[in-house]
Amino acid sequence: MAKLIELVGISKSYDGEKVIDSMNLYIRDKEFITLLGPSGCGKTTTLRIIGGFETADEGKLYFDGVEISDVPAHKRQVNTVFQKYALFPHLNVYENIAFPLRLKKVKENEIRERVTEMLKMVALVGFENKSVSTLSGGQQQRVAIARALISHPRVLLLDEPLGALDLKLRKDMQVELKNIQQAIGITFVYVTHDQEEALSMSDTVVVMADGEIQQIGTPTDIYNEPKNAFVADFIGESNIVDGVMLADKKVRFASHTFDCVDGGYAKNEAVDVVVRPEDIDVVSPEAGMLTGLVTSVTFKGVHYEIIVDIKGFKWMIQSTDYVAPEATIGIYIEPDAIHIMKKSKYSGMFGDYSSFSDEIDQLSDADTAEEF
Amino acid sequence: MKNKKSLLHSISAAPHIFWAVLFIVVPLIIVIFYAFTVQNPDGSYTFSFSNIASLPDYISIFGLSLELSVIATAVCLVVGYPLAYIMARSKPKTQKILVMLLMLPMWTNLLIRTYSLMAILDNNGILNQLLGTSFQIVGTKGAVIFGMVYDFLPYMVLPIYTCLSKIDKYMWEAAADLGCDTPKTLVKVILPLSRSGIISGVTMVLVPSIRTFSISQKLGGGTFELIGDTIERQFVTGALNVGAAISLVMMVLILISLTIMNKFGDSEDGGIIV
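If you read the sequences in order, they're chains A and B.
The first sequence runs contiguously to residue 372 in this note's numbering.
The second sequence runs contiguously to residue 274 in this note's numbering.
None of these hints come from the bench; they were simulated from the model.
Any given hint could be a false lead.
To be verified - Quick partial rundown of chain A residues pointing at chain B, CB under 7 Å, derived from the structure:
(1) A73
(2) Q77
(3) P100
(4) L103
A virtual CB, placed ideally from N, CA and C, is assigned to each residue, including glycine.
Work out the full structure, taking the sequences as your base and the hints as a guide.
Here is the structure:
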């Protein structure tokens, strides 16, 4: 697939604070790409630069091989679904969707045809004459999508479009958006702070933090082969411990030497070791590679979330078998469950569950939902 | 909504109701009473339509009032909208200063402002002295319209500014995103969205300019009689009944036109309630 959009050395500052730091990224034609990151990581700014609502301080933006850094928003073959929908309150559903066509002076019967087609696609037939202010959030969202797609853009930009919807509706819309993207076969650039949303919808995920790209890859790559502690922690749950590479496929952490599948590090190089909680097996203390004391057990429906204290480091284990709190258990880790990462500036900041709390997690989620 | 109002509610509403009855309802009844009666020589009043019947004599005066105030309102709109737009688009700090500057003249008495305008525009006034000419400005329709515009412009700018500043920045971006350049954004999106502000502004300028008498007296140089002047003259000369009749008809006309204008306004927000 050909490169459709390319960002070369893009930087942007607000009031002297760097939001995006010399970013390079290309977006292929017809792909579903997601910019994922916490609040303030620069993902929305990146999207706004592509949309033409912000101008980069440095760097160049190419569209289909042509530089468009200074092309105004209304001349770009890109349309946007805004976080707050931004429907025109003075127009009804039909006129909102027809708006871009009316600007282009498209013939009345063609407008009718295309609007009807769009209404069918977003399942809003019969809503033509309704005022947009009477619609629910999900319906407004659909109108916004229809309005953005009616002029057949090459790229659709979506800025946390599902942020304001409730969980059930969000799941439905995720599936629907993916279906629409595949049906019309154009590029979707999606911005979200919700890692689950990113993993389930995207062809490519771009993980961002502090105005820099941390990792680009398919959802499976990002999850299985995180590049640094930030990515490992942000995508899913991770135990991240300090380790030392003794040799290729030999790593020592938690005072035990493990077999692993990674290599190519210097002898005795300090590394970050990631073990996903679902990849840890609970065994009897005698059979365990490591032993520890269970400090808390939480029932999560599908599995139990077990926090184990192993030599002062709190590990998280997800297991379908119940273990009693205060019990001493052994744990067993398969070689291919161990993922080795180079040390980064995020080392030591994440991956220990000693201060872990669901509540804090949710608080920070609510925080990021405020961002736009 | 609770049907039963608490005692506290009734007590706290009482002063307002008393005020409204004493200063709005009672005077209105008095106006209606005078409008439909004539005073007999012995001081008693009898019911009569003669005041209303005499009104066609004033049609030309009313027409002139309407003409001047409509022109003044149109000028206010043409001058005021861009000003309101510039204000709404400037930085928050600048906005505060601009609103302040706009409000400042309103703190000075309208009569005093009109007098100073007279001093500037007079045949031997400051303007003519500066130019070394002796144009006649005071006494022309233009001077009266200028006076109206000068006095009532803030009432046009403020509601439009309020309305424009409430428009979400995403509206601009959405319009641009869908293919509007700046002029098209203004015409297709911003103008329709500021309709309620325009209607409020037009109302707030048209109504006071149609009933004004001080401006026409001072700047009209005695050559113009507007409907406000007529009403004033009736009351000053003691012809209370005819004055009341004209006032009443004016009120009814304003009420009708406001109702029509509000029909064009947004039903949800803005506009002023009749």
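Hint check:
The beta carbon of A73 (chain A) comes within 4 Å of a beta carbon in chain B, closer than 7 Å, and the hint placing it at the interface holds. About 10 Å separates the beta-carbon of Q77 (chain A) from the nearest beta-carbon of chain B, more than 7 Å, and the hint is not met. The beta carbon of P100 (chain A) comes within 4 Å of a beta carbon in chain B, closer than 7 Å, and the hint placing it at the interface holds. Interface hint at L103 (chain A): satisfied, since its Cβ lies 5 Å from the closest Cβ of chain B, which is below the 7 Å cut-off.
Figure legend: structure checked against the earlier numbered hints; the only hint not met is number 2.
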